[in-house]
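Student: Kindly generate the complete structure, drawing on both the sequences and the hints.
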Amino acid sequence: MGASKPEIPESQDSSGQSVLPELQGWLREIAADHRLFITAAKGGNRIFEEFSPDCKPVTGLPQERTLLPVKKVFLPPSEPLFEFSRGGIEAPPTPENTVVFGLHVCELSADRLLAANMAHDRPDFPYMARRSQSLMIGVSCRRTSGCFCEKTGHDHLAPGEYDLFLHLDDPEHPRLAVGSDAGRELAANAPFPVEDPGGDVIAPAAAAPERWPLEALPEKMHDSFGAVMWDELATRCLGCGNCTIVCPLCYCFYTRDETELDPANGRRLRLWDSCQLLAFARVAGGHNFREARSERIWYRFSHKFMRTWDTFGAAGCSGCGACFHFCPVGIGPRQVIAGVLQVTTNSQDAGGNP
Amino acid sequence: MAKLSDIPPREYNTPHNEYLPEEARVLSTTELAPGIRHFVLEFVDPARKEAFSFCSGQFMQVSLLGIGEAPISICSPPTIRGTFEICVREAGNLTGALHRLRQGDTLWVRGPYGQGFPLAEMAGRDLIFIGGGIGLAPLRSAIDCAVCLNDEFGELTVLYGARTPELLLFTDEYDTWRQHGRVETIVDEAPPGWQGRTGVITTLFDAVDLKPENTSALICGPPVMFSFVLGRLKELGFADADIFISLERHMRCGVGKCEHCVVESFYTCRQGPVLSIGQIRGISSALR
Amino acid sequence: MKQGPGPEPEGRIDISKNPGGKLRVGIFPLTSDAGCQLEFLNLQDDLLALAKAVDILHFPMARAFNVDGPFDVVFVDGVPARRDELEILREVRRNTKVLASLGSCSSFGGVPAAQRFHDLGDLKKYVYRGMEDLDTLEILPISNYVRVDLQLRGCPASKWEIMETLTALIAGRLPQLKTYPQCIECKIKENRCLLIEGQPCLGPITRAGCGVVCPSVGVPCDGCRGPTEEPNLTSAVEILLRGTTYPDLIRKFQKFCSLSPEYQEMFDRWRETQ
Ligand SMILES: Cc1cc2nc3c(=O)[nH]c(=O)nc-3n(C[C@H](O)[C@H](O)[C@H](O)COP(=O)(O)OP(=O)(O)OC[C@H]3O[C@@H](n4cnc5c(N)ncnc54)[C@H](O)[C@@H]3O)c2cc1C
Ligand code: SF4
Ligand code: SF4
Ligand code: SF4
Ligand code: SF4
Chain W
137 MGASKPEIPE
147 SQDSSGQSVL
157 PELQGWLREI
167 AADHRLFITA
177 AKGGNRIFEE
187 FSPDCKPVTG
197 LPQERTLLPV
207 KKVFLPPSEP
217 LFEFSRGGIE
227 APPTPENTVV
237 FGLHVCELSA
247 DRLLAANMAH
257 DRPDFPYMAR
267 RSQSLMIGVS
277 CRRTSGCFCE
287 KTGHDHLAPG
297 EYDLFLHLDD
307 PEHPRLAVGS
317 DAGRELAANA
327 PFPVEDPGGD
337 VIAPAAAAPE
347 RWPLEALPEK
357 MHDSFGAVMW
367 DELATRCLGC
377 GNCTIVCPLC
387 YCFYTRDETE
397 LDPANGRRLR
407 LWDSCQLLAF
417 ARVAGGHNFR
427 EARSERIWYR
437 FSHKFMRTWD
447 TFGAAGCSGC
457 GACFHFCPVG
467 IGPRQVIAGV
477 LQVTTNSQDA
487 GGNP
Chain X
423 MAKLSDIPPR
433 EYNTPHNEYL
443 PEEARVLSTT
453 ELAPGIRHFV
463 LEFVDPARKE
473 AFSFCSGQFM
483 QVSLLGIGEA
493 PISICSPPTI
503 RGTFEICVRE
513 AGNLTGALHR
523 LRQGDTLWVR
533 GPYGQGFPLA
543 EMAGRDLIFI
553 GGGIGLAPLR
563 SAIDCAVCLN
573 DEFGELTVLY
583 GARTPELLLF
593 TDEYDTWRQH
603 GRVETIVDEA
613 PPGWQGRTGV
623 ITTLFDAVDL
633 KPENTSALIC
643 GPPVMFSFVL
653 GRLKELGFAD
663 ADIFISLERH
673 MRCGVGKCEH
683 CVVESFYTCR
693 QGPVLSIGQI
703 RGISSALR
Chain Z
6 MKQGPGPEPE
16 GRIDISKNPG
26 GKLRVGIFPL
36 TSDAGCQLEF
46 LNLQDDLLAL
56 AKAVDILHFP
66 MARAFNVDGP
76 FDVVFVDGVP
86 ARRDELEILR
96 EVRRNTKVLA
106 SLGSCSSFGG
116 VPAAQRFHDL
126 GDLKKYVYRG
136 MEDLDTLEIL
146 PISNYVRVDL
156 QLRGCPASKW
166 EIMETLTALI
176 AGRLPQLKTY
186 PQCIECKIKE
196 NRCLLIEGQP
206 CLGPITRAGC
216 GVVCPSVGVP
226 CDGCRGPTEE
236 PNLTSAVEIL
246 LRGTTYPDLI
256 RKFQKFCSLS
266 PEYQEMFDRW
276 RETQ
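Protein chains in written order, with our numbering: chain W, 137 to 490; chain X, 423 to 710; chain Z, 6 to 279.
If you're looking for bench data, these hints aren't it; they were derived computationally from the structure.
It is possible that some hints are incorrect.
Stated by the list, open to error - Capping the alpha-carbon separation at 30 Å, the derived lysine-lysine pairs in BS3-like fashion look like this:
1) Lys208/W / Lys57/Z
2) Lys183/Z / Lys57/Z
3) Lys183/Z / Lys208/W
4) Lys178/W / Lys164/Z
5) Lys194/Z / Lys102/Z
6) Lys194/Z / Lys178/W
7) Lys164/Z / Lys102/Z
8) Lys183/Z / Lys178/W
9) Lys164/Z / Lys208/W
10) Lys183/Z / Lys194/Z
11) Lys257/Z / Lys178/W
12) Lys194/Z / Lys192/W
13) Lys656/X / Lys356/W
14) Lys183/Z / Lys164/Z
Tutor: Printed below as a string of C-alpha cells:
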C-alpha cells in the first residue's frame with residue numbers, strides 16, 4: 137500500500153515479546169472478582185477483549201495502539217439507554233467493577249480526558265456508572281512511527297492520574313507503580329516489585345520532542361475556518377468515518393428506537409456516530425448545517441484542538457495515531473495541524489471567520 | 423474553566439440519569455394550522471408535575487416509545503404551573519407520530535434543557551418579538567410571560583411572518599397581545615382576498631416605532647430570516663447584547679454529550695438555544 | 006434518463022397503520038433469482054413469529070393462495086423484464102401504502118442490468134439461446150416506473166433491514182435504515198482493514214446494513230448495497246487502484262448497482278479513457 141503506511145505485523149504474538157508467566161496468574165486472580173479486559177491480538181491488530189481463562193493476553197511490550205480504544209468498554213458501540221414494555225421503562229443494570237489491563241500512557245491520559253468530559257456539566261449516566269467503578273492498569277509502550285503523544289501533551293501522567301502502571305521498559309526487571317488507593321489494593325497480590333508511591337509515568341522520548349503550541353491552536357483553528365486547506369483535504373477524504381470510530385477521544389452518538397414484533401416491547405438505543413458523515417448535522421426538512429465535507433473535517437479538528445482545549449485545557453487528541461493508521465487516504469493530525477499552523481488570516485477563503 | 427486536573431475520575435458522582443424520560447399526559451390537543459398541532463401536557467407523576475419549572479425559550483426532549491425522540495420548545499409561559507404546552511409541526515418520524523396522539527394519550531418527556539430568553543434581565547425594557555413560522559412557539563412562551571407580568575416590561579411588539587395566512591399560529595391570541603403593544607403579521611404568499619400584508623418580514627419594521635436603546639429583541643425562525651432581520655436591527659441601532667436569537671440544530675442528548683448541535687465552541691443545547699448576538703459574534707457558521 | 010432515486014424518498018411516506026388489523030404485507034417477485042424473497046424464509050425463528058404478527062397476503066414462493074391487496078407494505082423483488090411485469094408493478098403501487106424495493110435488482114437494476122453493457126441482440130443470441138424474438142425490456146430500477154418509498158438494498162437484501170422495516174411499520178415508526186458506510190460497522194467489529202492492506206474493498210463508499218458480511222470473513226466488499234449518500238468516487242478509485250486494475254475495478258462497480266446515479270460520472274470518465 138502507500139509508502140507512508142507502516143506494515144501491520146502478522147500477529148502481535150510473534151512480535152518477539154516475552155509473555156510474562158507471572159502476569160497470567162495475577163490477571164486470573166483479578167478476573168475472579170472483577171470484569172477484566174486485557175489486550176489480545178486479532179487479525180494483526182491489538183484489541184481490548186474480555187478476559188477468559190483461555191484467552192491470550194498480549195503482554196511484553198505491545199507496540200501497536202489498539203484497534204478500538206478503551207472507550208468501547210465504557211461507551212459501548214451500541215447500548216440500550218432503557219428498555220420498554222407495557223410496564224413502562226427500565227434502565228439496564230449498572231455493570232460491576234471493571235479492570236482494564238494494558239493501556240499505554242496516551243491511552244490512560246485520553247481515558248481520563250474522556251471521563252472528565254462525560255462527568256463535566258451534566259454527567260453522562262451510563263458512561264459514568266461504568267467508568268467510576270473501574271480501575272486502569274497501564275503498561276509501557278514502544279513508540280511506533282505513527283504516534284506523537286509528545287505533540288499533544290498526553291505523554292505523561294503524574295501520581296494520582298493513574299491507578300497502576302506496569303513498567304516493562306526493562307523486561308528483566310518489571311516494576312509496578314502505584315498511583316491511587318484503589319490501585320494499591322489491587323497491587324497487594326501482584327507478582328512484581330511494587331513502587332509505592334509510584335512516580336511520574338512518562339512515554340518513551342520522541343526523536344523531536346517539541347509540543348504543538350496547544351494554547352494558540354484554538355485561535356488558529358478558528359481563523360482557519362473556510363481556508364483552502366480543508367477543501368484540499370476534502371478532495372481526498374472518503375467520509376468513511378474510520379478516523380473517528382478508532383479515536384479514543386471521539387464519543388458522539390445518535391439514538392434510535394427499536395421494537396420487537398410486539399411494538400410494546402423494545403428499547404431506545406444509543407450508537408456511535410461520526411461527524412464525518414453527511415447526515416450528522418442535518419435536520420428535518422433537509423437543511424444540513426454541515427453540508428460540505430471540508431467543513432466536517434474542520435469540525436472534527438476543531439473539536440479536538442479548540443473546544444476540548446477551551447473546556448479542559450487539554451488537547452482532544454492523544455497523539456495515538458490510530459486515525460492516521462486506519463484512514464484509507466492517510467489523513468492525520470500531524471499533517472492537518474502543520475497546515476493549520478501555516479494558515480494566516482489573509483489566506484482564508486471568502487466565507488471564513490473574520 | 424473546568425480543568426482536567428481538578429476532576430480525579432474516582433470521585434465522579436453519577437447523580438441523575440438524564441436519558442430516562444418521564445411520562446406526560448395529553449390534556450388536550452388541537453390543530454392550529456395544517457400540519458401543526460398544539461398540545462397541553464401534564465406530568466403523570468404528581469410530584470414531578472408540582473416541581474416542574476422552566477423558562478421561556480427552553481425546550482423538552484419529547485418522545486414516543488418505539489418511535490423516537492426530538493427537541494421541542496415549550497410554548498406556554500412559565501407563569502402557568504402544573505401544565506405545559508408544545509406546538510408541533512409534522513416534519514418526520516416522531517413529529518408525525520405525535521400528530522396521531524389524542525386527548526388522554528401519553529408521551530414521554532425529559533428536560534427542560536438549554537438557556538431560555540433572559541427575561542429577568544430585560545425588566546423595564548420594551549420587547550420586540552420577531553418570529554417566522556413554527557418559530558413563534560418559543561416566542562409565544564415569552565410573549566405570554568411578558569403579558570402576564572404586565573408591569574415588569576414596557577411596550578411589546580410582535581412581528582410575525584408565515585408562508586401562508588392559514589399557517590399563521592395562535593391568531594386568536596393576537597387581540598390579547600395587542601392590549602400590551604402591537605402585533606403585525608405578514609405572509610409569503612396569499613390566496614386572492616387576503617386583506618393582510620404579503621412580502622418579507624423586514625417590511626414590518628416600517629409599521630412600528632421602536633426605541634432601540636431601550637428595547638430587547640427576541641428572534642426565532644428559519645435561518646434564511648436571520649441575516650435580513652439582524653441587518654435591519656443593526657441599522658436601527660440595536661446593540662448586539664440586546665438581540666437574542668434561538669437557534670435550531672440537530673440534537674440527540676440535550677445535555678452537551680452527543681456533539682450534534684455544536685457550533686464552533688458552543689453547544690446549542692447547553693449555551694443555547696437562545697444566544698445573544700454578542701455571544702456568537704465572529705462565528706460565521708452560527709447564523710446559517 | 007431518470008436512473009433510480011436518491012437517498013431521500015420523494016414525498017411523504019404513508020406509514021399510517023391498518024386500523025385495528027394486522028400489517029398487510031405483500032412480497033411480489035419480478036424477474037430475479039429469487040434470492041431476496043428467500044431471505045424472508047431465512048428469517049427462520051423470526052418467521053413463525055412474523056407470520057403471526059402480520060398478514061402475509063401475497064408471497065407466491067411460500068403460499069398457494071395469494072391476494073392482490075390492499076396492502077400496507079409491499080416488497081418488490083427483482084426488475085420488470087417483461088411487459089406484463091410492468092403492469093403487475095403498477096398495479097402493486099396502486100394497492101399499497103408503502104412500496105419497498107427488495108434488493109439491489111429492484112433498487113439499482115442489479116446483476117440483470119449488466120445487460121446494458123452489452124448489445125441486446127448479442128445477449129439474446131448467446132445467453133437466451135434460440136430465443137432471439139424474446140421481448141425483454143431494458144433493465145431499469147423499479148423507481149424508473151413507480152414511486153419507491155424505501156430502498157432495501159443488497160444482494161441479497163439484508164434480514165436486518167427486512168425486520169426493521171416490518172417492526173417499524175407495526176410500531177408506526179419510519180424504518181430507520183442505515184445510510185452510513187460499511188467501515189463504521191467493520192471497525193466496530195474490529196476486523197482488520199483489507200483496504201489499508203491493499204485489497205480493493207468498496208466499504209468506505211458502500212452503504213452499511215448487511216453487517217459487513219464480506220470483510221468480516223476477509224473478503225473485500227463488492228459494493229452490493231450501492232453507494233453511500235455522498236461517495237467521493239474520484240478519491241476512492243485512486244485508492245482502490247492500488248489493489249486492482251482499472252477494468253476490474255469498473256467491473257466491480259458494474260456488478261450489482263450499475264444504474265446507481267452516483268456511479269455514472271465515474272463510468273463516463275472510464276469510457277473516456279477507453
Ligand atoms: C431547540 C429546538 C427546538 C425546537 N422546537 C420545535 C417546536 O417547538 N416545534 C416543532 O415542531 N419543531 C421544533 N423543533 C424542530 C424539531 O425538533 C424537528 O422537527 C424534529 O426533530 C423532527 O423529528 P422527526 O423525528 O419528526 O423527523 P425525522 O424523522 O428525524 O425527519 C428527518 C427527515 O426524514 C424524512 N422523513 C421523515 N419521515 C418521513 C416520511 N413519513 N416520509 C418521507 N420522509 C420522511 C424527512 O426528509 C425529514 O426531513 C425544534 C428543534 C430544536 C433544535
Ligand atoms: S485524533 Fe487521531 S491521533 Fe488523535 S487521539 Fe484521535 S485517533 Fe488518536
Ligand atoms: S470529533 Fe467528531 S466524531 Fe469525534 S466526538 Fe467530536 S463530533 Fe464526534
Ligand atoms: S478515515 Fe480518512 S477518509 Fe475516512 S473519514 Fe476519516 S479522514 Fe476521511
Ligand atoms: S475492510 Fe473494507 S469495509 Fe472494512 S474498514 Fe476496511 S475498507 Fe472499510
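Student: Look at each hint and say if it fits the structure.
Tutor: Now for the hints, and whether the structure bears them out:
For the hint pairing Lys208/W with Lys57/Z, the CA-to-CA distance comes to about 38 Å; that exceeds 30 Å, so the pair is violated. Simply put, Lys183/Z and Lys57/Z have alpha-carbon atoms about 27 Å apart, close enough for the 30 Å limit, and the pair holds. Among the hinted pairs, Lys183/Z with Lys208/W is consistent with the structure: their alpha-carbon atoms are about 21 Å apart, no more than 30 Å. Pair hint Lys178/W plus Lys164/Z holds up; C-alpha atoms about 27 Å apart against a cutoff of 30 Å.
Our distance criterion of 30 Å between C-alpha atoms is broken by Lys194/Z and Lys102/Z, whose separation comes to about 36 Å. In summary, the hint linking Lys194/Z to Lys178/W is supported, as the alpha carbons are separated by about 11 Å, within the 30 Å threshold. Using a Cα cut-off of 30 Å, the hinted pair Lys164/Z and Lys102/Z holds, with the two alpha carbons roughly 21 Å apart. Between Lys183/Z and Lys178/W the alpha-carbon distance is near 27 Å, which keeps this suggested pair within the 30 Å criterion.
Only pairs whose Cα atoms come within 30 Å are accepted, and Lys164/Z paired with Lys208/W is accepted, the gap being roughly 26 Å. Using a Cα cut-off of 30 Å, the hinted pair Lys183/Z and Lys194/Z holds, with the two alpha carbons roughly 16 Å apart. Of the pairs offered as hints, the one joining Lys257/Z and Lys178/W holds, with about 28 Å between alpha carbons and a cut-off of 30 Å not exceeded. Distance hint between Lys194/Z and Lys192/W is fulfilled; the C-alpha atoms sit about 19 Å from each other, no more than 30 Å.
Distance restraint check for Lys656/X and Lys356/W: the Cα-Cα separation of roughly 29 Å lies within the 30 Å cut-off, and the hinted pair is therefore satisfied. The straight-line distance between the Cα atoms of Lys183/Z and Lys164/Z is roughly 13 Å, inside the 30 Å bound, and the hint therefore holds.
Hint compliance for this structure: hints 1 and 5 are not met, and every other hint is.
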